[in-house]
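Undergrad: Kindly generate the complete structure, drawing on both the sequences and the hints.
There are 2 protein chains.
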Amino acid sequence: MSYSALEQHFEQLHHLQHLGAICGWDQATMMPAGGNEARAEALGTLAVLCHQQLQDERLSDWFGEAKSEALSAGQQQSLAEMERSWRDATLLPQDLVRARSLAGSRCEHAWRSLRPANDWAGFLPLFEEVVALSREAAGARADALGLSRYDSLLELYEPGMRSQTLDALFNDLNQWLPGLITQVQEKQRNESVLQPAGPFATEQQKALGLEVMAKLGFDFNRGRLDVSVHPFCGGVSDDVRLTTRYDENDAAQALMGIIHETGHARYEQSLPAQWRKLPVGQARSMGVHESQSLFFEMQLGRHPAFLRQLSPLLNQHLGEQAAFAPDNLARLYTRVQPGFIRVDADEVTYPAHVMLRYQIERDLIEGNLEPRHVPERWDQLMQQYLGLSTKGDYKNGCLQDIHWTDGSFGYFPSYTLGAIYAAQLAEDMQQQLGRFEQLLSGDLAPVFNWLQQHIWQHASLLSTEELLQQASGQSLSSAPFRRHLEQRYLG
Amino acid sequence: MSYSALEQHFEQLHHLQHLGAICGWDQATMMPAGGNEARAEALGTLAVLCHQQLQDERLSDWFGEAKSEALSAGQQQSLAEMERSWRDATLLPQDLVRARSLAGSRCEHAWRSLRPANDWAGFLPLFEEVVALSREAAGARADALGLSRYDSLLELYEPGMRSQTLDALFNDLNQWLPGLITQVQEKQRNESVLQPAGPFATEQQKALGLEVMAKLGFDFNRGRLDVSVHPFCGGVSDDVRLTTRYDENDAAQALMGIIHETGHARYEQSLPAQWRKLPVGQARSMGVHESQSLFFEMQLGRHPAFLRQLSPLLNQHLGEQAAFAPDNLARLYTRVQPGFIRVDADEVTYPAHVMLRYQIERDLIEGNLEPRHVPERWDQLMQQYLGLSTKGDYKNGCLQDIHWTDGSFGYFPSYTLGAIYAAQLAEDMQQQLGRFEQLLSGDLAPVFNWLQQHIWQHASLLSTEELLQQASGQSLSSAPFRRHLEQRYLG
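Heads up: the sequence lines are chains A and B, in that order.
Everything in the first sequence is counted per the numbering used here, starting at 1 for the first residue and increasing by one.
Everything in the second sequence is counted per the numbering used here, starting at 492 for the first residue and increasing by one.
For the record, the hints were derived by calculation from the structure and aren't laboratory data.
Every residue, glycine too, gets a C-beta built ideally from N, C-alpha and C.
Keep in mind that the hints are not guaranteed to be accurate.
[To be verified] Taking beta-carbon pairs under 10 Å as the criterion, some of the chain A residues facing chain B (in silico):
id, residue
1, 19
2, 33
3, 44
4, 45
5, 219
6, 276
7, 341
8, 343
9, 344
TA: Put into structure tokens, the structure is as follows:
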């Protein structure tokens, strides 16, 4: 049976990806510096091998035949997801894949020193190469998929999402978000917030983090917590490797980082065992993944009811102080301050950073903006959204992110889609289970059971739109996100 | 050029083995229990892939053609080592490989519970299957290589070694070792040895271990120290993963374990960079590998001059006590006591454990002994060599080792060959550089430079016999080992 042959083939691919995930985690957490060259070569060989696995000549026939085989609904969706992986891996000509990979590596590598040097002129030619090749790739994908160029890239990170939808969503946000930011700043102007006084020893922060992860249902029998420069959630479903970094002077933010990554981790750990080794058993999309981390961090983690549970743990692990009182924690964790850097942004200003990037990358890929004009456009949009100028400051402007350096255009919207999905889910959940004020003040099992039932267990068996529909009967909408922000920040 | 094609092919294999080595290390040190099933599957897929890499149909032609290409001496040896890997992987029919692997897994798995239960009767049928298949494999290898059955297995672990040589070596040992053991026990009877009084916190033991590793030249930029149930030295040359285990009541033995593994590690870290990704760039053999760990542990680590350097470090990290005085350490680390368990044996009685196993496994494979008679033979040889009876005590007798459960016949001699090589090297080194009493009392760089020059840098470019010859002008001989034991234990 061709469907079975496909399953076996993709399970083997999954095993190879498992080795890559663990060795990648090791590279970021455990590996001594001198091991890097050999590791990079080994992982490079593995990447080629995985690609070859997807280019096997038998696949085309198997897909053709499997479609006429008697398959369950789950198998049909599994077949579709296998075909999507195959199509994404084989759609572009090999020369273009190689050229993109090369240009991306070169640009990313140079960026690591050009950014601190604020050297836009040095970056531009490398970036132009990346953009040119990304346009070419987008063009090839667009032709094959019958989508616009930019949508064909978006499809890689959030299948089914279109720029038309994003335009509508972001136009709406643009109507009310800048005003909201001003209002919140006005309201918070006279608020007094105590900053926790460090230093906080790494070991104590780690003990606190582990206890909070346990409270959030992380399964330590199938995962662990370690340290890396850039926190991430890696590994495989049965062995989730979550990382964080500790700042001895800022335990509060590190803790929120752990809560964020635990959201990713619980999604991974709760994917359905039956499909775990197949594409259909993987997380739905980048946006849905981010919705789980942001549900944990923003909806749950910064909610006053949860902070009342967190407060005694902070006192216990880090030493008692007034800054850890629930009311102060609530103020501390909801401070709004427009800034230059996306990764440091608060919940309210974050979407502005994403909208700006979306507009620029969409226009770059569609050919409506040239790379050399990016800084000007960046400055203009930063002024419009956050009232900040980045003129001449490339380092804290358009050179701040890694995403574009290797051509990952289409990724940025996932962050704000995640925030919007999370707000929708939180609203739906509260309608069904009761208000967070109650729900988050005791045992959190009902919250996780709800997510398990509506999101986690479905992996990629449903589309993102179907996930939202069956959780709430509602389509994608920014209204719950707006209500959430207004209630939390102006209520 | 076919030789180049072979190099590329084997380098790719090396990269895959790299991923396996790191994921295997992770499995033993970092992985949560729940991740085991997925990991076993992933590593199983990798093993199949590595095997396929060696069964590539083009290899036969490439080997044929490469032999008539203009190659340097190093390339010729490299070609020979690639061919050896290829031959070892392809010599046996696939059905036999699979059957052995299956029977081995089954027997090893059962052994884990049968050993504690002292259940020889339960073990026997599984073991008979393993022996039968190992005989078949040995037969096929013997035919192809023109060797005796047992020698064809020996060739896997110590290329070039023959049972005729081992018989002579062990017959010689058998002449003087049992008497020596009795004499040493007699001499030590009235010796008073202080046992270090614990407990010793794991963190302190680790700090001590790290300092001793640094003193022994371990390169922490290309390796690290962690904890596993069964200590080993894994990873790859540029990223050596050394493990140990800590017993809070016995810091002294854990430290010797680290010194032992550091010997393996320095060999790995010092293999020639030029050949690192090819078979010829790997360690020469199991016996030569063990010679390095035993040189570090026995020749160097337990020498009074080195113990004088170790003493202040023990006092510093574990707290001062009389047991850490150099003289007491020297007595503590040279206690001789015949016992049932090989892995707990001291330097003097250890060869008896190996000789016994060698005689049994050689006869098993050659068809001169049947599995059901192993316990009887074991008991008889234990009485002969160490004056101990294992009648009815299978757990501490023939069921104690993992090696035979998966059919690794031919491995055991490596341990004693390593001890004999190490003694030869130590004698040669002292003839060239001066006595250990001086050499080991200061900076150890000359010792390591000598090993680098005579052993490490040659990887598999020379045979074991050539390594010994060029280090000393001497062939394999047990005389230095005897002189070493007599001097240290009776001198």
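Undergrad: Answer holds if the nearest beta-carbon of chain B is closer than 10 Å to that of residue 33/A; otherwise answer violated.
TA: holds, 6 Å
Undergrad: Taking the least C-beta to C-beta distance, is residue 45/A closer than 10 Å to chain B?
TA: Nearest chain B Cβ about 4 Å off; hint holds.
Undergrad: Would the hint on residue 276/A stand, with a C-beta cut-off of 10 Å toward chain B?
TA: Holds, about 8 Å.
Undergrad: Once the shortest beta carbon distance from residue 341/A to chain B is found, is it less than 10 Å?
TA: At about 32 Å, which exceeds the 10 Å cut-off, the nearest Cβ of chain B leaves the hint on residue 341/A violated.
Undergrad: Is the interface hint satisfied for residue 219/A? The criterion is a beta-carbon contact with chain B at less than 10 Å.
TA: Since the shortest Cβ distance to chain B is 7 Å, the answer is holds.
Undergrad: Classify the hint on residue 343/A as holds or violated, based on whether any CB of chain B lies nearer than 10 Å to its CB.
TA: violated, 28 Å
Undergrad: Go through the hint on residue 344/A and say holds or violated, using the shortest Cβ distance to chain B against 10 Å.
TA: The hint is violated - residue 344/A has no Cβ within 10 Å of chain B, the shortest such distance being about 31 Å.
Undergrad: The hint names residue 19/A as touching chain B; please verify it with the least Cβ-Cβ distance against 10 Å.
TA: holds, 5 Å
Undergrad: For the hint on residue 44/A, does the least C-beta distance to chain B fall short of 10 Å?
TA: holds, 8 Å
Comparing the model with each earlier hint shows violations of hints 7, 8 and 9; every other hint is respected.
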